[in-house]
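K.L.:
Listed here are the chains, written in short residue letters.
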Amino acid sequence: MTRPLISLGDALRACHHLEPQDEETADAILGLLRLRAGEATPAPSGVGAWQPSSTESVASTRRRQSDPRREYKAPARAPVPRLAEVPAPAVAGSSALRRLGETRAVFQPPEWLAEGEDLGALDPRRPPPPPDALFGRVHRRGLLSSAIGTLEPEGELDVDAIVDVLAAGRALRHLPRQLSPTTRRGVQVLLDRGPGMDPFAGDQEQVVRALDDILADDRLEVREFVGCPGRGIVPDLAEESEEDLVPWQPPAPGTPILAITDLGIGGPRLDEERATVAEWLELARRLRSQGHLLIALVPYEATRWPPRVARAMTLLHWSEQTSVGEVRRAMRDARQRLKP
Amino acid sequence: MSRARMRFTRKFFDPLAAGGEAIDAFDDVDTSDDYDDDGEDGRMLFRAGPRPEDVYVYTPHVLLALNVALATGRPLLISGEPGSGKTTLAANAAAVLGWWSYKQMVTSRIQAADLLWTFDALDRLNDANMPDQSLREKHYYVHPGRLWWAFSPRSAPHRGLTEIPEEKLRASDPGTPAAESDHRPVHDKAVILFDEIDKADPDVPNDLLEPLDIRQFTVRETNDTIVAERQVLLMMTTNGERELPPAFMRRCVSLTLDPPDATWFADVARHKYPEGDWKLHRAVAAEVMLHRDAARKRGVREPSTGEFLDALEVCGELGIDTSSKVWDDVAMSVLWKHERPPDLERDASGAGVAGEDEAPE
Numbered sequence: 059m060t061r062p063l064i065s066l067g068d069a070l071r072a073c074h075h076l077e078p079q080d081e082e083t084a085d086a087i088l089g090l091l092r093l094r095a096g097e098a099t100p101a102p103s104g105v106g107a108w109q110p111s112s113t114e115s116v117a118s119t120r121r122r123q124s125d126p127r128r129e130y131k132a133p134a135r136a137p138v139p140r141l142a143e144v145p146a147p148a149v150a151g152s153s154a155l156r157r158l159g160e161t162r163a164v165f166q167p168p169e170w171l172a173e174g175e176d177l178g179a180l181d182p183r184r185p186p187p188p189p190d191a192l193f194g195r196v197h198r199r200g201l202l203s204s205a206i207g208t209l210e211p212e213g214e215l216d217v218d219a220i221v222d223v224l225a226a227g228r229a230l231r232h233l234p235r236q237l238s239p240t241t242r243r244g245v246q247v248l249l250d251r252g253p254g255m256d257p258f259a260g261d262q263e264q265v266v267r268a269l270d271d272i273l274a275d276d277r278l279e280v281r282e283f284v285g286c287p288g289r290g291i292v293p294d295l296a297e298e299s300e301e302d303l304v305p306w307q308p309p310a311p312g313t314p315i316l317a318i319t320d321l322g323i324g325g326p327r328l329d330e331e332r333a334t335v336a337e338w339l340e341l342a343r344r345l346r347s348q349g350h351l352l353i354a355l356v357p358y359e360a361t362r363w364p365p366r367v368a369r370a371m372t373l374l375h376w377s378e379q380t381s382v383g384e385v386r387r388a389m390r391d392a393r394q395r396l397k398p
Numbered sequence: 307m308s309r310a311r312m313r314f315t316r317k318f319f320d321p322l323a324a325g326g327e328a329i330d331a332f333d334d335v336d337t338s339d340d341y342d343d344d345g346e347d348g349r350m351l352f353r354a355g356p357r358p359e360d361v362y363v364y365t366p367h368v369l370l371a372l373n374v375a376l377a378t379g380r381p382l383l384i385s386g387e388p389g390s391g392k393t394t395l396a397a398n399a400a401a402v403l404g405w406w407s408y409k410q411m412v413t414s415r416i417q418a419a420d421l422l423w424t425f426d427a428l429d430r431l432n433d434a435n436m437p438d439q440s441l442r443e444k445h446y447y448v449h450p451g452r453l454w455w456a457f458s459p460r461s462a463p464h465r466g467l468t469e470i471p472e473e474k475l476r477a478s479d480p481g482t483p484a485a486e487s488d489h490r491p492v493h494d495k496a497v498i499l500f501d502e503i504d505k506a507d508p509d510v511p512n513d514l515l516e517p518l519d520i521r522q523f524t525v526r527e528t529n530d531t532i533v534a535e536r537q538v539l540l541m542m543t544t545n546g547e548r549e550l551p552p553a554f555m556r557r558c559v560s561l562t563l564d565p566p567d568a569t570w571f572a573d574v575a576r577h578k579y580p581e582g583d584w585k586l587h588r589a590v591a592a593e594v595m596l597h598r599d600a601a602r603k604r605g606v607r608e609p610s611t612g613e614f615l616d617a618l619e620v621c622g623e624l625g626i627d628t629s630s631k632v633w634d635d636v637a638m639s640v641l642w643k644h645e646r647p648p649d650l651e652r653d654a655s656g657a658g659v660a661g662e663d664e665a666p667e
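Line by line, the protein sequences are chains P and Y. 398 is the number that my numbering gives the last residue of the first sequence; the numbers go up by one with no jumps. 667 is the number that my numbering gives the last residue of the second sequence; the numbers go up by one with no jumps.
Extracted from the complex, chain P is given alone in its bound form (with noise of 0.2 angstroms):
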């Protein structure tokens, strides 16, 4: 069993050998276990950030209450407040129906009511909170180290493929393995920034900053387009392009690429800078000759994607219901594509 979290145990046995000799020094032996109120703490693992919104569907709440890997406990329901039944008025031949003005309600205001802030006491001129996170912390990293890992020959010995070529009397020139998902080739992400994806801006956003969490600095590149790659992408501040727009260029082989874009679902029906079925087909083909593997996230169902860009591309529906398994599948999906 492994030892548990740091907790008050390791802050007693620190004081207690070192005697911090003012508050100030104590308080820092609390910061370096990180310990100190108001520290932000990691979720523990198996929780996920997600709280339940009154919006909550019941489906998904029981999808997630069912989850063996879940360790979500729903929160506690305030009592449903109820009316008090007020006799009917003994008036002979009166309606039996209640006059509202005569009802006393007994209302026990919800126990999430005290949880909530005062809106007169906020400060107008404060940013609005940033919005929900679409997945849970954990939930994220698995999502996206799944979309963007490549499978490199570092696992565990094929004995398969190595029994084949002994037994076929040939030598062994190099030790085949098995195939184990890395991060390390990183991602170059690509940003839709067209109206159409306006309303998902805030979620594009929080994608390349978990990137950037799971990624080293060097191994995430994010460019920005509107409405297809193919017609160029915004020049990073650091080319000190007087263009609007410059070619865009793949990366590396071997580097995975990920799109998130609405494939000009979204946005005004007449807008020129929508993106055409044939944008999007002419990249596929272009990134499948030269070996590019491609993932798009897309924030629309599967029932509003262009057929003939479904077939050709590999789309994933981006939405909090989305998995690792789908992730996964889709993966095996765009590694299957490059196959000759």
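Simulated from the structure, these hints should not be mistaken for lab results. Quick caveat: nothing in here was measured; it's all calculated off a predicted structure. Mixed in with the good hints there might be a few duds.
[Claimed, not checked] Here are some chain Y residues the structure puts well away from chain P; computed CB gaps all over 12 angstroms:
| hint | residue |
| --- | --- |
| 1 | Ala-324 |
| 2 | Leu-351 |
| 3 | Pro-388 |
| 4 | Gly-404 |
| 5 | Pro-463 |
| 6 | Glu-469 |
| 7 | Asp-479 |
| 8 | Asp-504 |
| 9 | Asp-509 |
| 10 | Ser-610 |
| 11 | Leu-624 |
| 12 | Val-632 |
| 13 | Asp-635 |
[Said to hold, decoys possible] Coverage of chain Y stretches by chain P, computed from C-beta distances (three or more under 8 angstroms per stretch; other residues unrestricted):
| hint | stretch |
| --- | --- |
| 14 | 389-400 |
| 15 | 422-435 |
[What the hints assert, rightly or not] Derived contacts from chain Y toward chain P, CB cut-off under 8 angstroms, selection only:
| hint | residue |
| --- | --- |
| 16 | His-367 |
| 17 | Ala-377 |
| 18 | Thr-378 |
| 19 | Ser-414 |
| 20 | Pro-508 |
A virtual CB, placed ideally from N, CA and C, is assigned to each residue, including glycine.
Since chain P is already given, all that's left is putting chain Y on it; use the hints.
P.N.:
Showing chain Y alone in chain P's frame:
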């Protein structure tokens, strides 16, 4: 934070007890061993060897972090931007402790198991196919990793065998004495440094948790269980380029080194080159800060301690200073190292000395 005075008992890690010096920003070296007399800010210097890079200046916060890690038996995770002195700190701390020392540079290809052991299956296969070579026991193809050596220096040379193998079949200890000084190494304790742990795949730190926590592991190929025989201080450095798993972070003592400033650079130079020109140290330090600001705005790598020391060396060798005509060319190639020249924001006095102008006493 790291400059604030800390008052505590240096029970486990004390550079003074190991032969170091208490220092202050501009006072003479004070060899007092009473903490209350340790200069203004409680900093200490330890020379692990004769070279400039063997010197490290400990701030009170760093001293506290090392003591907390040793008091709690938790790994110490040292974070900071590239060039902030993480690796130097780890190496110097090992010298202060006088423990046997191991270092593992982590790459993107490394797996957690590699830090424990590797098994040379190809070598074994080749031996199996050699007609005049008898196949040896599996143990002979096991190569103990750094963490195995740190845990169990008795079983590592024997690769886990209970019988002692011939000399030529024994594994060699990759560890080193902590210091080149006459400070005797302590063999019953070890320090192991995993440098740049954030370069590894995200699963690697999590896979290390169990052997680190329970202080034992099992070699898959031989089914031998290796149990830690000695106290091990695990130090890890991270550039913070990649987020480490929360479960891993919550089991480590976390020390973040402050980014350097002009005073820090000048101080480093003063202690590494005590006979040097303090005015030159401060002038070059100020130039480094200008270049760091420019790099930050450009979004490129900032010059750090290594570049600063290189610039001092060049100035010393060429007999120049920051007012020389060739200084811009020197700065471009030694400090900046990027294609387009920097946009330096100099004040009216030019790249002057930052902070105090008085010479140290």
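K.L.:
Does each hint hold? Answer for all of them.
P.N.:
To see whether the hints hold, each was checked on the structure:
| no. | hint | verdict |
| --- | --- | --- |
| 1 | Ala-324 | 17 angstroms, holds |
| 2 | Leu-351 | 21 angstroms, holds |
| 3 | Pro-388 | 10 angstroms, violated |
| 4 | Gly-404 | 19 angstroms, holds |
| 5 | Pro-463 | 26 angstroms, holds |
| 6 | Glu-469 | 28 angstroms, holds |
| 7 | Asp-479 | 27 angstroms, holds |
| 8 | Asp-504 | 7 angstroms, violated |
| 9 | Asp-509 | 9 angstroms, violated |
| 10 | Ser-610 | 15 angstroms, holds |
| 11 | Leu-624 | 32 angstroms, holds |
| 12 | Val-632 | 28 angstroms, holds |
| 13 | Asp-635 | 23 angstroms, holds |
| 14 | 389-400 | violated (count 0) |
| 15 | 422-435 | holds (count 3) |
| 16 | His-367 | 6 angstroms, holds |
| 17 | Ala-377 | 4 angstroms, holds |
| 18 | Thr-378 | 4 angstroms, holds |
| 19 | Ser-414 | 4 angstroms, holds |
| 20 | Pro-508 | 6 angstroms, holds |
Comparing the model with each earlier hint shows violations of hints 3, 8, 9 and 14; every other hint is respected.
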